[in-house]
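I would like the entire structure built from these sequences, with the hints used as guidance.
Protein chains: 2
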Amino acid sequence: MEFQISNRMRGMKPSIIREILKQMSDPELISFAGGNPAADSFPAADIARFSAELLENDPVGVLQYSVTEGVPAAREAVRKFANRHDEVVKDNDDLILVSGSQQILDFVTKCLCNEGDVVAVENPAFLGAFLSFRCYGAKLVGVSMEEDGVDLTELEKVFSANPKPRFFYCIPNFQNPTGRTMSAEKRKAVYELSVKYGVPILEDDPYGELRISGQPVAPIKSLDITGNVIYAASFSKIMCPGMRLAYCVCDKALMKSLVIAKQGSDVHTNVWSQRICAQLLTRTDMDRHIEEIRQIYREKAEYMMRLLDEKCPQIRYVRPEGGMFLWGTLPDGIDMQEFVKRCLERKLAVVPGNAFLVDETQPCQNFRMNFSTPTKANIEKGVEIMAAVLAEMDR
Amino acid sequence: MEFQISNRMRGMKPSIIREILKQMSDPELISFAGGNPAADSFPAADIARFSAELLENDPVGVLQYSVTEGVPAAREAVRKFANRHDEVVKDNDDLILVSGSQQILDFVTKCLCNEGDVVAVENPAFLGAFLSFRCYGAKLVGVSMEEDGVDLTELEKVFSANPKPRFFYCIPNFQNPTGRTMSAEKRKAVYELSVKYGVPILEDDPYGELRISGQPVAPIKSLDITGNVIYAASFSKIMCPGMRLAYCVCDKALMKSLVIAKQGSDVHTNVWSQRICAQLLTRTDMDRHIEEIRQIYREKAEYMMRLLDEKCPQIRYVRPEGGMFLWGTLPDGIDMQEFVKRCLERKLAVVPGNAFLVDETQPCQNFRMNFSTPTKANIEKGVEIMAAVLAEMDR
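For the record, the sequence lines run as chains A and B. Quick note: the first sequence uses the working numbering, first residue 21, plus one each step. Quick note: the second sequence uses the working numbering, first residue 21, plus one each step.
Rather than coming from a laboratory, the hints here were simulated on the basis of the structure. Owing to the predicted nature of the structure, the values given are computational and were not obtained by experimental measurement. Fair warning: there could be bad hints in the mix.
[As the list claims (entries may be wrong)] No farther apart than 25 Å at their CA atoms in a straight line, the calculated lysine-lysine pairs in the DSS-like style are these: (1) A:K276 x B:K33; (2) B:K159 x A:K272; (3) B:K276 x A:K159; (4) B:K159 x A:K276.
[Claimed, not checked] Rough simulated footprint, nothing fancy, chain B against chain A, three-plus residues with beta-carbon under 8 Å: (5) 91–104; (6) 235–245.
Each residue gets a CB set at the ideal place from its N, CA and C atoms; glycine is no exception.
Below, the structure written as structure tokens:
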């Protein structure tokens with residue numbers, strides 16, 4: 021039969037990155053396209069040990085149904101972890117464990133957005149977030165990025181427009197794709213605008229723990245005395261992504277709706293993941309583990325930047341203080357799509373920058389490079405491919 | 021701040037069953053309310069063994085990101101399993117692994133239903149399904165249940181109405197809550213109506229493997245030569261629910277939309293669960309394991325029915341051929357809500373039947389009893405509590 025797809029899903033396309041990754045069965049292809057954490061950063065031995073213990077000592081507890089909000093002991097361990105530097109979980113907040121932080125974007129939109137409503141987003145930003153929002157028929161309004169985060173003048177304009185946005189989506193730490201970090205001053209200003217105009221902030225912080233240089237900046241959520249901020253963080257980058265585990269912190273009243281949304285979607289999060297997470301948080305030195313990951317990423321990022329400076333001086337980029345990505349800018353006169361295509365022909369995948377724009381048809385000289393996944397040898401080969409393509413296109 | 025909840029989620033209430041279960045910290049409470057599989061049915065030793073092997077031999081494969089559709093080897097194993105008796109996965113179908121079968125109900129509604137659209141449902145039926153549908157603003161139209169499944173005259177009326185339903189939701193095997201099984205003739209007739217009126221069928225089959233008596237009836241999906249049927253099945257009842265794993269089979273064109281919905285929701289399903297499932301399906305005798313589960317449930321169901329017949333002859337019920345539930349009918353003159361309340365006061369939880377109705381305010385003499393979770397000793401105690409309450413109310 022011919023299915024009639026709903027208005028909200030009609031015309032939706034799969035994520036370009038996931039499609040690129042699916043075609044990557046070619047083992048010779050070097051990928052700067054993904055956003056996978058470095059596999060050597062996984063605490064695999066600890067996970068194996070805790071998994072064996074849990075399945076030996078409490079199999080029913082791991083294998084039976086659990087509650088939607090999350091396994092109580094795991095929630096408590098995550099609450100302590102979230103609050104170890106700054107007060108992220110306030111007295112009036114609740115914390116839920118979810119099946120990856122994408123699910124938070126899904127549920128927040130489900131609970132706050134009617135079809136046709138406006139959602140304000142950093143532009144460019146994480147394209148998976150755009151997908152989640154658009155799956156509910158949200159209309160995205162982009163706010164430009166400056167070196168130290170979102171453009172405040174533009175943001176106030178968007179917040180004061182009629183209709184006003186249902187929420188503002190931002191990634192303050194090592195933003196995907198630009199790698200930029202929102203300054204402390206700007207976080208305060210963004211929060212104040214949120215309060216002034218009554219627009220909630222959806223603060224997505226998947227990379228916050230991955231700082232490789234500079235000083236930590238407290239999450240916007242830590243400034244939140246009014247309950248305006250919905251905070252999303254993930255264990256994908258500091259434990260592992262295959263276990264699909266993330267957490268959301270927000271005002272208790274909103275949390276009630278998010279819990280119902282989760283009941284209606286996947287009932288509860290995989291229990292094995294939650295229990296492993298609780299073990300890792302309470303029985304290992306997570307901060308030491310995080311420092312080890314940082315060291316891996318610091319080396320890879322610096323290696324990639326050094327090679328880029330050396331071999332591709334035409335490519336500009338802002339040195340990120342953390343995260344997983346470099347956001348390259350090609351000189352005028354080099355066609356970005358053609359550059360990406362020629363890289364792929366030489367077996368290097370990068371992501372065309374327009375994929376991260378609210379309006380993909382806008383002119384764009386940017387492309388995204390990931391430094392967390394490739395080996396150093398492949399970083400070198402990849403940069404050499406880019407250099408060769410640039411030389412070829414510069415002629 | 022005061023959050024403005026979306027129209028679709030405003031007024032939604034949490035599942036009454038989950039709320040009952042959350043309050044069940046009282047260890048003395050006997051629950052006939054849940055729908056948990058018997059913990060002694062979990063293949064815990066095999067899961068522990070396979071988990072250890074996988075985390076030893078292929079930690080990165082288990083812990084890294086994977087693809088939205090599901091781990092290829094797991095999908096293939098599930099496809100074979102699904103087709104071992106009847107052809108469920110047709111040439112023009114695709115199969116996706118999801119985080120529990122509730123997620124299928126979520127994504128199908130997301131992809132097929134606009135706000136205000138009608139979804140036809142068996143009435144009564146699984147209340148979690150009603151929740152998923154209503155989270156998208158669907159308007160539910162109930163179709164009455166007869167002994168051998170849905171009322172065909174009513175169903176045709178609903179299918180031929182204007183507007184016609186976006187899909188028809190049914191649980192042909194050991195329906196939740198009624199325990200009834202749709203006859204082969206009725207399955208054929210329902211499928212023919214689906215084709216005649218162009219209304220897709222969402223066939224939910226979480227209990228299909230749990231037959232305790234009678235002869236198997238092939239899924240509606242096995243009759244499907246037009247692609248009208250979306251088939252949902254779960255590993256929660258034959259492996260374990262904590263791992264949140266289910267699968268959906270449907271026409272390839274629709275599957276494209278479901279995959280995008282999943283990308284925008286939880287990206288992909290927990291990899292550990294998928295890999296464990298593939299091991300269980302390919303390296304253990306699943307049919308033997310399923311026969312063991314059936315034997316556990318057969319004994320418990322028969323024990324509960326025998327005690328009910330003996331101690332509570334006033335309660336009528338249809339003997340189910342499988343599943344997890346008995347659907348009790350109280351005699352006229354016994355107020356059902358009062359009965360449920362008095363049982364709870366004596367520390368027995370059952371679910372009031374109106375919770376499963378499209379319109380909860382309708383008069384209802386039914387209540388649901390689960391026989392898979394309680395021990396035999398607790399089944400006896402629980403039935404005795406019901407007998408005492410009935411004696412008290414009969415006065």
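Hint-by-hint comparison with the structure:
1. A:K276 x B:K33: Holds - the C-alpha atoms of B:K33 and A:K276 are around 9 Å apart, at most 25 Å.
2. B:K159 x A:K272: 28 Å, violated
3. B:K276 x A:K159: Distance of about 22 Å is within 25 Å: holds.
4. B:K159 x A:K276: Holds - the C-alpha atoms of A:K276 and B:K159 are around 22 Å apart, at most 25 Å.
5. 91–104: With 0 residues close enough to chain B, the hint is violated.
6. 235–245: It is violated: at least three residues are needed, and the region 235–245 of chain A offers just 0 whose Cβ sits closer than 8 Å to chain B.
In summary, the structure is inconsistent with hints 2, 5 and 6 from the numbered list given earlier, while agreeing with the others.
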